[in-house]
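**Student:** Note that the protein sequences, when read in sequence, are chains C and G. Using the numbering used here, read the first sequence as starting at 10 and increasing by one per residue. Using the numbering used here, read the second sequence as starting at 282 and increasing by one per residue.
Fair warning: there could be bad hints in the mix.
[Said to hold, decoys possible] Once the Cα atoms are required to be at most 25 angstroms apart in a straight line, the calculated SDA-like pairs of lysine to any residue come out as:
#1 G:340 / C:44
#2 C:138 / G:341
#3 G:345 / C:358
#4 G:345 / C:255
#5 C:139 / C:33
#6 G:345 / C:60
#7 G:340 / C:214
#8 C:160 / C:298
#9 G:345 / C:316
#10 C:194 / C:214
#11 C:98 / C:60
#12 G:340 / C:116
#13 C:194 / G:364
#14 C:160 / G:341
#15 C:129 / C:337
#16 G:340 / C:157
#17 C:194 / G:323
#18 C:25 / G:327
#19 C:138 / C:106
#20 G:340 / C:235
#21 C:139 / C:25
#22 C:160 / G:329
#23 G:340 / G:287
#24 C:334 / C:211
#25 C:194 / G:336
#26 C:102 / C:116
#27 C:334 / C:137
#28 C:194 / C:157
#29 C:160 / G:336
#30 G:340 / C:98
#31 C:25 / G:341
#32 C:25 / G:364
#33 C:98 / C:74
#34 C:194 / G:354
#35 C:64 / C:116
#36 C:160 / G:327
[Said to hold, decoys possible] Label-pair distances were calculated between CB atoms; the ranges are:
#37 G:290 / C:126: 28 to 36 angstroms
#38 G:290 / C:81: 22 to 30 angstroms
#39 C:153 / G:287: 46 to 54 angstroms
#40 G:283 / C:231: 49 to 57 angstroms
Calculated from the structure, these hints are not laboratory results. Note that CB positions come from ideal geometry on N, CA and C, so glycine has one too.
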Amino acid sequence: MHPLWQLKQVITVNNKRYVDRCNNFGGRGSALIWISFMSLVTWIASVVLLLEHLKIYMDDSFSFEIEGNILLYEPYGSYLPHKQVLLLKLWDKLGIPHEPSKQIFGRQLTIIGFDVDPNKMIISIPLDKKEEIISYIRNFAIPHHRHTLRKFQQIAGTISWLFNVFPLLKPGLSVVYAKMRDKSKLLAQIYVNVDVVRELTWLANHMERLPGVLLLESLDWSPETAEDVVTIYTNASLAGIAYWFPEINFGFQSHLPHDAPLGSIFFFEALAVCSAIHALADTDPIPRHVAIFTNNTNTVDIFNSLCASAPYNWLLISAVDVLIKFNVNLRVYHVSGAENNVADALSRFDNDQVIHLVPDLIIDNFIPPRDSLGATKK
Amino acid sequence: MDGYPLMWDNSFRPLKNEEHQAFVQEQVDEEVHLGRFSYPFGPDLLEGMYSTPVHVVPKPNLSKLWLVVDHSAGEFSLNSMINLDDSSGVKLDGM
């Protein structure tokens with residue numbers, strides 16, 4: 010640390026003073042300093058040593074290597090994967106300490122608590138860990154209890170970490186984040202209201218049923234490359250909402266629900282996407298991959314990030330329930346208003362125009378899913 | 282910094298028991314040996330110095346102990362000198 014900051018880091022033990030010269034992790038700036046430093050080390054490894062695919066998460070560096078490509082690392086007297094040995098030699102040169110017990114390799118590696126298998130291309134959470142966190146969440150989500158901001162931050166941190174294997178469950182933390190917003194006193198008590206309970210219970214219930222295994226293959230697809238993609242175009246207007254399945258030539262329209270929590274067009278654009286996802290339950294066979302097009306960029310953002318505050322978050326939760334139930338991979342894309350003319354005409358109930366654009370289209374009505382509007386689930 | 286004293290001794294925080302006292306002394310000696318802490322001096326602080334409290338917590342799921350240096354303690358804490366806007370927004374996987 011800078012000498013002037015070292016002066017501030019005096020420790021007193023048994024009436025003797027000691028100057029702590031190092032970056033202490035209790036310091037507010039320490040994470041940024043550490044990350045800057047390790048970024049430089051990683052830069053040297055990848056640009057100077059040409060070590061490819063080196064990954065790092067705080068102090069956990071990891072990568073993969075072809076089986077059998079090993080080198081002797083003399084200080085430990087053992088053979089380790091080629092890249093690992095080169096990285097350790099770099100650390101030695103820079104004076105970065107390391108311990109043999111943490112220099113591990115194998116067909117499966119534990120990385121930040123997850124079991125990663127690069128051959129099967131899966132990341133999974135150990136079952137006992139999963140169960141431990143489910144009971145942690147259930148014990149936290151007790152109505153009318155209070156927890157400190159610090160406890161809220163801790164559970165948010167743990168759950169965010171889980172999203173590595175349960176990416177669809179991100180909407181389950183929306184209210185927790187909303188409750189923490191603009192608060193900074195770590196010991197201040199925060200009330201566990203019904204919304205917190207509802208979302209965390211939703212999260213725990215899904216975790217219980219899901220296997221906790223992320224197939225990396227399921228993330229790597231696009232409408233151009235995947236074979237079984239179903240396309241849906243959606244739109245909202247001041248008259249209604251609509252979605253159109255061009256491949257099977259079906260269009261659906263609904264008047265705006267009178268009891269929507271918000272009257273903005275953005276809400277109805279997002280509701281149109283949510284409704285289209287619900288319509289998948291009636292398709293046969295249910296597609297593995299779905300690409301939804303909307304001309305509203307906010308809607309694209311919330312469905313791809315799965316991050317939104319209420320009442321948009323209710324739409325996400327409602328949509329994710331369907332995606333999980335039918336094991337559907339979703340992508341939401343932006344399309345220009347001009348290219349979305351069929352869904353646009355459907356949403357305006359301008360059915361003459363719809364038939365003009367797509368002469369043999371079958372048009373039907375639908376009712377937007379009730380739970381997406383914030384109504385209590387049955 | 283405006284409003285901060287030139288010298289500040291906020292080190293008073295008695296350790297819980299003899300085991301903790303022995304552990305802290307052992308840790309401090311180790312850090313001095315490794316050059317991470319200075320050699321001891323005192324008993325007075327020098328101009329410009331601040332001293333923060335330490336305590337001991339058990340490591341999660343292990344029988345080992347952990348030395349905690351509290352940079353957030355009390356008035357004029359070290360962390361209170363660091364602007365949150367300068368240090369927030371750190372992405373742990375953003376390297």
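**Student:** Sort out which numbered hints this structure fails and list those numbers smallest first.
**Tutor:** Violated: hints 3, 4, 5, 6, 7, 8, 9, 10, 12, 17, 19, 20, 21, 22, 23, 26, 30, 31, 32, 36, 37, 38.
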